[in-house]
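Engineer: Chains P and L are the protein sequences, given in the same order. Quick note on this note's numbering: the first sequence kicks off at 1 and runs consecutively. Quick note on this note's numbering: the second sequence kicks off at 1 and runs consecutively.
Rather than coming from a laboratory, the hints here were simulated on the basis of the structure. For glycine and all other residues, C-beta sits at the position ideal for the given N, C-alpha and C. Any given hint could turn out to be false.
Said to hold, decoys possible - Heads up, simulated DSBU-like pairs for lysine-lysine below, C-alpha to C-alpha not over 35 Å straight-line:
| # | chain 1 | residue 1 | chain 2 | residue 2 |
| --- | --- | --- | --- | --- |
| 1 | L | Lys106 | P | Lys311 |
| 2 | L | Lys268 | P | Lys384 |
| 3 | L | Lys301 | P | Lys539 |
| 4 | L | Lys301 | P | Lys386 |
| 5 | L | Lys233 | P | Lys570 |
| 6 | P | Lys296 | P | Lys319 |
| 7 | P | Lys533 | L | Lys233 |
| 8 | L | Lys233 | P | Lys522 |
| 9 | P | Lys2 | L | Lys182 |
| 10 | P | Lys135 | L | Lys233 |
| 11 | P | Lys374 | L | Lys161 |
| 12 | P | Lys172 | P | Lys36 |
| 13 | L | Lys161 | P | Lys575 |
| 14 | P | Lys605 | P | Lys575 |
| 15 | L | Lys301 | L | Lys318 |
| 16 | L | Lys268 | P | Lys484 |
| 17 | P | Lys499 | P | Lys627 |
| 18 | L | Lys117 | P | Lys539 |
| 19 | L | Lys318 | P | Lys386 |
| 20 | P | Lys384 | L | Lys233 |
| 21 | P | Lys2 | P | Lys86 |
| 22 | P | Lys484 | L | Lys180 |
| 23 | L | Lys117 | P | Lys36 |
| 24 | L | Lys182 | P | Lys533 |
| 25 | P | Lys98 | P | Lys172 |
| 26 | P | Lys499 | L | Lys105 |
| 27 | P | Lys484 | L | Lys3 |
| 28 | P | Lys374 | P | Lys522 |
| 29 | L | Lys117 | P | Lys522 |
| 30 | L | Lys23 | P | Lys374 |
| 31 | P | Lys611 | P | Lys634 |
Said to hold, decoys possible - Ranges of calculated distance between the beta carbons of each label pair, as one might list FRET restraints:
| # | chain 1 | residue 1 | chain 2 | residue 2 | range |
| --- | --- | --- | --- | --- | --- |
| 32 | L | Ile103 | P | Pro584 | 33 to 39 Å |
| 33 | L | His296 | P | Asn392 | 47 to 53 Å |
| 34 | L | Gly218 | P | Glu516 | 25 to 31 Å |
| 35 | L | His296 | P | Leu496 | 28 to 34 Å |
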Amino acid sequence: MKISFNWLKEYVYFPLTPQELSVRLTNVGLVVADIKQVEDDFCLEIEVTSNRPDCLGAIGIARDTVAAVGGSLQIPAVTPAVEKGKAADKAALAEIAKWVTVSVEDTMLCPRYTAQIIQYVTIGPSPEWMQKRLKCIGLRPVNNVVDVTNYVMMETGQPLHAFDYDKIADKKIVVRRATIGEEIVTINGARRALFHDMLVIADGKKPVAVAGVMGGRDTEVTESTRRILLECALFEPRQVRRTSRALGIASDSSYRFERGIDPEITEYASRRAANLIQSCAGGEAVNGFIDVRSGKHETKKITLRMERLNKIIGVEIKKEVAVDILKRLHFRVLDETSHLIDFEAPSFRGDVYREIDLIEEVARVYGYNNIPTKTSVSIRGSVKNKYETVENDVRRLLTGVGFYEAKTFSIVDASVLQSINLWSDVSGLDISNPLRLEESRLRTSLLPSLINVKRYNANHGTERVKMFEIAKVYLAGEKLPQEKTCLSILADTDFLTVKGMIEAILTHLGVHSKCESLPFSKPELFRDGRVAKLLLDGKILGYMGEGSSDLAFNVPPCLVELDMDLLVEKANFAKNYQALPQHPPVFRDLALLVDEEVAWASIEKAIAGTKVSFLKNINFFDVYRGKQIPAGKKSIAFNLCFQAQDRTLKNEEVDIAQTTIIDVLYKTLNAELRKQ
Amino acid sequence: MQKKIEEAKRGLENEVKAITSLKEAELLKTKYLGRKGVVSDFMKMLPTLPIEQRAAFGQQLNALKGEITIILEERIASLPSEAAPKGKQELFDITLPGTQPFIGKKHPLTQTIDDIKEVFAGLGFDVAYGPEVELEYYNFDALNIPSDHPSRTDFDTFYIKNDVLLRSQTSTVQIRVMEKQKPPVRIIAPGRVYRPDTVDARHSFMFHQVEGLLVDEGVSFADLKGVLNQFIKTYFGQNVQMRLRPSFFPFTEPSAEVDISCSLCSGKGCCVCSYSGWVEILGAGMVDPNVFHAVHYDAEKYTGFAFGMGVERITMLKHGINDIRLFYENDMRFLSQF
Numbered sequence: 001m002k003i004s005f006n007w008l009k010e011y012v013y014f015p016l017t018p019q020e021l022s023v024r025l026t027n028v029g030l031v032v033a034d035i036k037q038v039e040d041d042f043c044l045e046i047e048v049t050s051n052r053p054d055c056l057g058a059i060g061i062a063r064d065t066v067a068a069v070g071g072s073l074q075i076p077a078v079t080p081a082v083e084k085g086k087a088a089d090k091a092a093l094a095e096i097a098k099w100v101t102v103s104v105e106d107t108m109l110c111p112r113y114t115a116q117i118i119q120y121v122t123i124g125p126s127p128e129w130m131q132k133r134l135k136c137i138g139l140r141p142v143n144n145v146v147d148v149t150n151y152v153m154m155e156t157g158q159p160l161h162a163f164d165y166d167k168i169a170d171k172k173i174v175v176r177r178a179t180i181g182e183e184i185v186t187i188n189g190a191r192r193a194l195f196h197d198m199l200v201i202a203d204g205k206k207p208v209a210v211a212g213v214m215g216g217r218d219t220e221v222t223e224s225t226r227r228i229l230l231e232c233a234l235f236e237p238r239q240v241r242r243t244s245r246a247l248g249i250a251s252d253s254s255y256r257f258e259r260g261i262d263p264e265i266t267e268y269a270s271r272r273a274a275n276l277i278q279s280c281a282g283g284e285a286v287n288g289f290i291d292v293r294s295g296k297h298e299t300k301k302i303t304l305r306m307e308r309l310n311k312i313i314g315v316e317i318k319k320e321v322a323v324d325i326l327k328r329l330h331f332r333v334l335d336e337t338s339h340l341i342d343f344e345a346p347s348f349r350g351d352v353y354r355e356i357d358l359i360e361e362v363a364r365v366y367g368y369n370n371i372p373t374k375t376s377v378s379i380r381g382s383v384k385n386k387y388e389t390v391e392n393d394v395r396r397l398l399t400g401v402g403f404y405e406a407k408t409f410s411i412v413d414a415s416v417l418q419s420i421n422l423w424s425d426v427s428g429l430d431i432s433n434p435l436r437l438e439e440s441r442l443r444t445s446l447l448p449s450l451i452n453v454k455r456y457n458a459n460h461g462t463e464r465v466k467m468f469e470i471a472k473v474y475l476a477g478e479k480l481p482q483e484k485t486c487l488s489i490l491a492d493t494d495f496l497t498v499k500g501m502i503e504a505i506l507t508h509l510g511v512h513s514k515c516e517s518l519p520f521s522k523p524e525l526f527r528d529g530r531v532a533k534l535l536l537d538g539k540i541l542g543y544m545g546e547g548s549s550d551l552a553f554n555v556p557p558c559l560v561e562l563d564m565d566l567l568v569e570k571a572n573f574a575k576n577y578q579a580l581p582q583h584p585p586v587f588r589d590l591a592l593l594v595d596e597e598v599a600w601a602s603i604e605k606a607i608a609g610t611k612v613s614f615l616k617n618i619n620f621f622d623v624y625r626g627k628q629i630p631a632g633k634k635s636i637a638f639n640l641c642f643q644a645q646d647r648t649l650k651n652e653e654v655d656i657a658q659t660t661i662i663d664v665l666y667k668t669l670n671a672e673l674r675k676q
Numbered sequence: 001m002q003k004k005i006e007e008a009k010r011g012l013e014n015e016v017k018a019i020t021s022l023k024e025a026e027l028l029k030t031k032y033l034g035r036k037g038v039v040s041d042f043m044k045m046l047p048t049l050p051i052e053q054r055a056a057f058g059q060q061l062n063a064l065k066g067e068i069t070i071i072l073e074e075r076i077a078s079l080p081s082e083a084a085p086k087g088k089q090e091l092f093d094i095t096l097p098g099t100q101p102f103i104g105k106k107h108p109l110t111q112t113i114d115d116i117k118e119v120f121a122g123l124g125f126d127v128a129y130g131p132e133v134e135l136e137y138y139n140f141d142a143l144n145i146p147s148d149h150p151s152r153t154d155f156d157t158f159y160i161k162n163d164v165l166l167r168s169q170t171s172t173v174q175i176r177v178m179e180k181q182k183p184p185v186r187i188i189a190p191g192r193v194y195r196p197d198t199v200d201a202r203h204s205f206m207f208h209q210v211e212g213l214l215v216d217e218g219v220s221f222a223d224l225k226g227v228l229n230q231f232i233k234t235y236f237g238q239n240v241q242m243r244l245r246p247s248f249f250p251f252t253e254p255s256a257e258v259d260i261s262c263s264l265c266s267g268k269g270c271c272v273c274s275y276s277g278w279v280e281i282l283g284a285g286m287v288d289p290n291v292f293h294a295v296h297y298d299a300e301k302y303t304g305f306a307f308g309m310g311v312e313r314i315t316m317l318k319h320g321i322n323d324i325r326l327f328y329e330n331d332m333r334f335l336s337q338f
């Protein structure tokens, strides 16, 4: 909302510079975003929040100025209204009825429609002073009549429209819904098809305006116009918003109707405009003021408890101060006791209908910055949840070993790559109103995004990356999807390095269960045979593997996607001290010749099966295939660590244990001991 | 034997005086300490000695070796420096750059969220989370946002289906928490939010917010100011000033926008603060009684405040980042700066 500094001064006197005024207005919630000098005037750009449509006119701003800086409000006088229902009123209505009849078919969408007729006008430029003010706030002067309607809208917040009376067919105004097939050429020259859910102002034949949005070109005021039909009405906000959006027309008028107009300003605004038209364009108003109105503005009693006010604000505000503030904002005191005051809100403050709304009014005018800054909130220790701890640890560990954290969009495209879903068979959830196809679906895996990040970096000079992301994937569920928090890793390192890192993280998080690796055959993303499903106690921890060559990297990265929730579940931060061993360990190195198919896990399992009580660790060394190894075989080297808690082991007992282990390995896996 | 060793030592002492260059020093070193040098020759004699003498002789040889090294090094050190460069004994260059381990980084947005969490943890706030795909009820109805509010339209909110949407604010977590927990409540809720904004330097269809909520008996607007002031001083600096402006949010009443004095120009006015000296950093207010009604809290007994801030905005302010898109490109050259 733009306002002219000089114009504002017409309604309220204040000895302030534009800058000083701006600070005061900002403090009561009318944020002055910009001040521009325009000739000898200033244009103030004010950010009006959506709950304050009353401030979409200069008079509204003036009211808050009075509240902010004091003074009294001066509102221009207009031709007084004739008392409704009296003889004079009836005679006038009979007179104007000869000129035009107004019928409102949908009173829900148009609770009030007023019309006046002014004849003998001369269209020409509006007076200098008016043009200057309009230009100051960025409006282009058109002609005296149109300028007056704009001027009064900017003054009162009430949009008006002037029709060329002689172009209205059948002396009729009908406020109705558009019928199928109807269209209109609006004053900006665009032809618009209208739909049944749109409200129009029609004459006897066709729509002449889209209610509250824009007038039609056929009936607009031109140089040859001699008689004016002045419309000043109230349209239902949602209706105007819908229509404005559907037609793609946002006007100063629709902007105001969408937010809600003071239901009691209609007649004042119309009479103000008629007076100004007469003074700017000459002419004479036809006797009579058509006012089709359904229902009346209901006022409501709002009780303010002083105790409640002070409790919410946190400072003792005197009753007189509170009452004075609300009076300056045009709230009327209906009744008061020492602790309670009944108020009636003015018609333009539809946003104030509860006690808490009154409290806000008092607080903002009292000044948020005058309210003390208290530090009396009770002390309380925050409770760290396990998820936080695990997430922090994982981030710390990964960054410590050289990983960068990425953050990528949860909304992705529907490409084959992005459709990868390691966790379920259903496809991702689609957004019903996407902005672009590139962002139209909730992702089911973080890995495609990390792959894209790697590609982006490769194109920008960073060939090798090590990165991770902790974020959610969205798996279709019943009402709401399952949101699974995943830890995904992309690393330009080999399989075992990445696997080792996962194992190290598990150890660090105190996960006692052994992480098992099972073959996995969902090949889209991974290289066949180089991908594992990782299990913890039979539950799927996640997947890891080398990237498929289809990803078209020179060296495919290693990819991991883990279930953070399972990691959190299995993490154990309780640490119990284990007595340091008192007796020395005995190490035995072994190299076994086994078939290619024999997995390390089965060797471990077979050794564990021997239940040697003092076998402490099995440490893998390497796998060797070479000249000395027959085809189809491999050599696996490892060492066994024996250690007893209660004694120094004798060589003989270790020998027996070692022989037992070798025997078992031979029997179960056909493993032969290699000659060292 | 002893004599031979002494002779050798004297011989060196004489020869060493004669040398003038490093090259000569090297030759002398080879003559005495080389594979076929004087000391080596003595060593070869070792097996010929009686066993009981070997140990002592070996020790003497080692001592000789040490002495020769010292004599040579002292002489080399006394040589004029222009003779130094070529063939000189390797000198350790302590000014060489160190071998750095490769250390990764948390994403700058995570760093901001962690910093915010830390400040509020100190003030007794727990961290809470809620779903990103939400029911319309939690994103709007329960937050006192009327059914005809423009923010509910397709233009301002992403929908999955009729009443299921992508949350457009982390305020949803307020409701989720209060539904499960009786007062007192003290939480912050960081997370992703979504709005159908076309991406440019200042807008993104996905961004992060941190929501805060405190509900208890006797909580006032003055307490809200106290907590926010503490946050601002701790996070932005002790000299930073706070300013509140009345504003409007459907779920708080009274509502405020909170500004801090511009840290770039110390409030004098610059392009970052649009020459106002103030920068907007968060929205806040007293929880609207209708929100309490939605979660069946007694709005007469309990009062509370809520606040919300944009993580990208705060990070951009803090580090002088001028394009929000940088956060999601994940360019290593960007990430490595924080």
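Engineer: Are the hints correct? Go through all of them and say.
Structural biologist: Hint by hint, here is what the structure shows:
Taking the CA atoms of Lys106(L) and Lys311(P), the gap is about 43 Å. The hint is violated against a cut of 35 Å. Only pairs whose Cα atoms come within 35 Å are accepted, and Lys268(L) paired with Lys384(P) is rejected, the gap being roughly 41 Å. Restraint check for Lys301(L) and Lys539(P): not satisfied, since their Cα atoms lie roughly 47 Å apart, outside the 35 Å limit. Our distance criterion of 35 Å between C-alpha atoms is met by Lys301(L) and Lys386(P), whose separation comes to about 32 Å.
Our distance criterion of 35 Å between C-alpha atoms is broken by Lys233(L) and Lys570(P), whose separation comes to about 39 Å. Our distance criterion of 35 Å between C-alpha atoms is met by Lys296(P) and Lys319(P), whose separation comes to about 32 Å. For the given pair, Lys533(P) sits about 48 Å from Lys233(L) by alpha-carbon distance, which is inconsistent with the 35 Å threshold. Proximity of Lys233(L) to Lys522(P) is assessed by CA-CA distance (about 52 Å); at most 35 Å being required, the pair is judged violated.
Between the alpha carbons of Lys2(P) and Lys182(L) the distance comes to roughly 46 Å, so the proposed pair goes past 35 Å and is violated. For the proposed pair Lys135(P) and Lys233(L), the alpha carbon gap of about 44 Å is over 35 Å, so the pair is violated. Taking the CA atoms of Lys374(P) and Lys161(L), the gap is about 45 Å. The hint is violated against a cut of 35 Å. A distance of roughly 45 Å separates the Cα atoms of Lys172(P) and Lys36(P); the hinted pair therefore is violated under the 35 Å criterion.
Pair hint Lys161(L) plus Lys575(P) does not hold up; C-alpha atoms about 47 Å apart against a cutoff of 35 Å. Proximity of Lys605(P) to Lys575(P) is assessed by CA-CA distance (about 27 Å); at most 35 Å being required, the pair is judged to hold. Only pairs whose Cα atoms come within 35 Å are accepted, and Lys301(L) paired with Lys318(L) is rejected, the gap being roughly 39 Å. With a CA separation close to 47 Å, the supplied pair Lys268(L) and Lys484(P) exceeds the 35 Å bound.
With a C-alpha separation of about 29 Å, the suggested pair Lys499(P) and Lys627(P) falls inside the 35 Å cut-off, and the hint holds. Of the supplied pair hints, the one linking Lys117(L) and Lys539(P) holds, its CA atoms being roughly 32 Å apart against a limit of 35 Å. Between Lys318(L) and Lys386(P) the CA atoms are separated by roughly 29 Å; this keeps the pair inside 35 Å, and the hint holds. Straight-line distance between C-alpha atoms of Lys384(P) and Lys233(L) comes to about 23 Å, which keeps the hinted pair within the 35 Å bound.
A hinted pair counts as satisfied when its Cα atoms are at most 35 Å apart, and Lys2(P) with Lys86(P) does not qualify at roughly 41 Å. With a C-alpha separation of about 21 Å, the suggested pair Lys484(P) and Lys180(L) falls inside the 35 Å cut-off, and the hint holds. About 41 Å separates the Cα atoms of Lys117(L) and Lys36(P), which puts this hinted pair outside 35 Å; it is violated. Only pairs whose Cα atoms come within 35 Å are accepted, and Lys182(L) paired with Lys533(P) is rejected, the gap being roughly 42 Å.
For the hint pairing Lys98(P) with Lys172(P), the CA-to-CA distance comes to about 10 Å; that is within 35 Å, so the pair holds. For the hint linking Lys499(P) to Lys105(L), the alpha-carbon distance of about 21 Å falls within 35 Å, and the restraint holds. Of the supplied pair hints, the one linking Lys484(P) and Lys3(L) is violated, its CA atoms being roughly 86 Å apart against a limit of 35 Å. For the suggested pair Lys374(P) and Lys522(P), the alpha carbons sit about 59 Å apart, so the restraint of at most 35 Å is broken.
Distance hint between Lys117(L) and Lys522(P) is unfulfilled; the C-alpha atoms sit about 39 Å from each other, more than 35 Å. The straight-line distance between the Cα atoms of Lys23(L) and Lys374(P) is roughly 81 Å, outside the 35 Å bound, and the hint therefore fails. Only pairs whose Cα atoms come within 35 Å are accepted, and Lys611(P) paired with Lys634(P) is accepted, the gap being roughly 26 Å. The given range of 33 to 39 Å is respected by Ile103(L) and Pro584(P), whose C-beta atoms sit roughly 37 Å from each other.
The beta-carbon spacing between His296(L) and Asn392(P), approximately 34 Å, falls outside the hinted interval of 47 to 53 Å. Evaluation of the 25 to 31 Å hint for Gly218(L) and Glu516(P) yields a failure: the beta carbon distance comes to about 55 Å. Checked against the hint of 28 to 34 Å, the pair His296(L) and Leu496(P) fails, with Cβ atoms roughly 55 Å apart.
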